[in-house]
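Novice: Protein chains in written order, with our numbering: chain Y, 1 to 345; chain L, 1 to 225.
Bear in mind the hints are in silico, worked out from the structure with no lab data behind them. Hints are not guaranteed to be accurate.
[As the list claims (entries may be wrong)] List of simulated lysine-lysine pairs, DSS-like, C-alpha gap at most 25 angstroms:
id, chain 1, residue 1, chain 2, residue 2
1, Y, Lys336, L, Lys212
2, L, Lys212, L, Lys179
3, L, Lys179, Y, Lys336
4, Y, Lys258, L, Lys212
5, Y, Lys38, Y, Lys102
6, Y, Lys25, Y, Lys3
7, Y, Lys295, L, Lys212
8, Y, Lys145, Y, Lys37
9, Y, Lys38, Y, Lys25
10, Y, Lys89, Y, Lys3
11, L, Lys185, L, Lys154
12, L, Lys77, Y, Lys89
13, Y, Lys25, Y, Lys60
14, Y, Lys268, Y, Lys258
15, Y, Lys25, Y, Lys37
What follows is each chain in one-letter form.
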Amino acid sequence: MNKPSLFGTTLSELQEIVAEIGMPKFTARQIANWLYKKDVAAIADMTDISAENRRILEEKFDLGLVQHSKVQVSVDGTKKYLFPVGALKFIEAAYIPEQTRKTLCVSSQVGCKMGCLFCMTGKQGFQANLSAGQIVNQVRNLPEKDQLTNLVYMGMGEPFDNMEEVMKSLEIFTSEWGYGWSPKRITVSTIGIVPAIKRFLDESQCHLAVSLHTPFEDERKMLMPIQTVFSLSEVLETIRSYDLGRQRRVSFEYIMFKDLNDTPRHVKELARILNGIRCRINLIRFHPIPNTPLKGSDDAAIEQFMVALNNKGIRTTIRVSRGQDIYAACGLLSTKELVKKPVDD
Amino acid sequence: MTSLDFTGTKKLTLNPVSITGRVEIAPSVFLISFRRDFSFIPGQVLALAMQPTDQYRFYSIASGMQDPEVKLLFDLKPGGQLTPALAAVNPGDIIYTSMPTGNFYGTAKPAVWIAAGTGIAPFLSMWRSGLKRDKILVHSGRFLHSFYFEEEFKSLENNYIRCCTRESGDGLYFGRINKWIEEQKRLPNDRRYFLCGSAEMVVDTRDALIEKGISYENIIAEIYF
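Using the sequences and the hints given, assemble the complete structure.
Specialist: Structure, rendered in structure tokens:
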């Protein structure tokens, strides 16, 4: 039987562990220090912990670090890393270097339950939630870790469908006992699970991104099944009920579909529904997936849409597509080919 | 009316209800009941928990909008956080539910309902609420006993298709919904398709329908989140 992993445990969990084993209380901070600040490679290397206590820890725990098993490099410098997560399961993380920013797009689930019409990850169904350790491991074992400036939870899976582990991972990234990152360097993206948005806004200081894709509820229902449970108006009502100050950012992701959501009618409605929310819209080129009935808007239409929204006073940018040739771009991450699970109904 | 009227976050407060019945309608598949003291639209869901502070899960209402009791259908998931306790409730026990929420609404217009397993629940609610005309129901299940409430739907005659993936039987189609869709010469293109099931089922079925020429604009899905 596999031993539990130390990597991915929070300080409070470590305090419980050391108390249970009968180690001094301060050992919890020592372990956290080794795990998240000193990048220790083995429990035996935690040399400020007594040899006997290290032996006990090794007996009860694995460190839980996992190296990537494959990397693909795009012509634009984007790298897609494949990480194994347990038996026959894999996730991808995309490293996106730019002039001043180096961003890692991490996964939170193997596959996804949300079934959005435009997303490749959704095509593989759902296989597993990642543990906090498996989420943080994507950063810990990234060869470019020390160059990272930003982290986005926009890889495989819906982060807010794995709330406990995602919140633990955010705690590890942002705590002084963990990686000590500013929460302003981290953005978590959701399709709009309302209770989880509330918890996230209450308990975390990280930025929030919401997949919007159309301001019209009936249209959104065709694109995103979550709309049948949590409506867009409810999502916006929730966000509007928070005073996020000037430091914390809410952005809306908007994939541009030709003749579907790129019309002046959409600009007008976006301006109406986002009124009163200090936010920005990221326009994203659609990266076609197999058998999709959707078509991407052309560059001129996207540019025009951006200008129209900016003229309405909504700060709008166009996200540069990266890593499309290695299927690392937005909506293209998938390990479906590696999933051999039969589905019989 | 917008969905906001039904799904305001404040309405997700969980309130106690007293169980009036629990029936195991098939192996590990349960139907629980409690008295209805709210109105709802067929296709809506309730958040459900054993305690008001527990993490809740959503379940489609399986009863008609005029029925005196609300019924909820679920699979027992061994090791799950909610269903083992839910499967053990007895009349008089208290569980906690939200007000109805969601907008996977039934319609009086012609429609094709496609369900996998307990995904039949919202369609049963629509059916029991009187939305019976011009409906085609495609239901998939693994075993002969997986076609819950089949007696009620038999009046649909040829418009009731049961896809059984592991057993053969009279009047059943042997195979997955996708295979059934692929084999159809023509599917009606003048009506909406409502899908309810797991993420895999919804994605695969939606792809198969689109492949058959059904516009994605006519496909509405509810996934077991």
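Novice: It remains to establish, for every hint, whether it holds in the given structure.
Specialist: Here is how each hint holds up against the structure:
1. In summary, the hint linking Lys336/Y to Lys212/L is supported, as the alpha carbons are separated by about 23 angstroms, within the 25 angstroms threshold.
2. For the proposed pair Lys212/L and Lys179/L, the alpha carbon gap of about 12 angstroms is at most 25 angstroms, so the pair holds.
3. Of the supplied pair hints, the one linking Lys179/L and Lys336/Y holds, its CA atoms being roughly 20 angstroms apart against a limit of 25 angstroms.
4. The straight-line distance between the Cα atoms of Lys258/Y and Lys212/L is roughly 22 angstroms, inside the 25 angstroms bound, and the hint therefore holds.
5. Restraint check: the Cα-Cα separation between Lys38/Y and Lys102/Y comes to about 21 angstroms, which is no more than 25 angstroms; the hinted pair holds.
6. For the proposed pair Lys25/Y and Lys3/Y, the alpha carbon gap of about 22 angstroms is at most 25 angstroms, so the pair holds.
7. Distance hint between Lys295/Y and Lys212/L is fulfilled; the C-alpha atoms sit about 18 angstroms from each other, no more than 25 angstroms.
8. Straight-line distance between C-alpha atoms of Lys145/Y and Lys37/Y comes to about 12 angstroms, which keeps the hinted pair within the 25 angstroms bound.
9. The suggested pairing of Lys38/Y with Lys25/Y holds, with an alpha-carbon distance near 20 angstroms, which does not exceed 25 angstroms.
10. Distance hint between Lys89/Y and Lys3/Y is fulfilled; the C-alpha atoms sit about 18 angstroms from each other, no more than 25 angstroms.
11. For the hint pairing Lys185/L with Lys154/L, the CA-to-CA distance comes to about 23 angstroms; that is within 25 angstroms, so the pair holds.
12. Of the pairs offered as hints, the one joining Lys77/L and Lys89/Y holds, with about 22 angstroms between alpha carbons and a cut-off of 25 angstroms not exceeded.
13. A threshold of 25 angstroms between alpha carbons decides the hint, and for Lys25/Y with Lys60/Y the separation of about 18 angstroms falls inside it, so the pair holds.
14. With a CA separation close to 17 angstroms, the supplied pair Lys268/Y and Lys258/Y stays within the 25 angstroms bound.
15. Restraint check for Lys25/Y and Lys37/Y: the C-alpha separation of about 19 angstroms stays at or below 25 angstroms, so the hint holds.
Taken one by one, the earlier hints all hold for this structure without exception.
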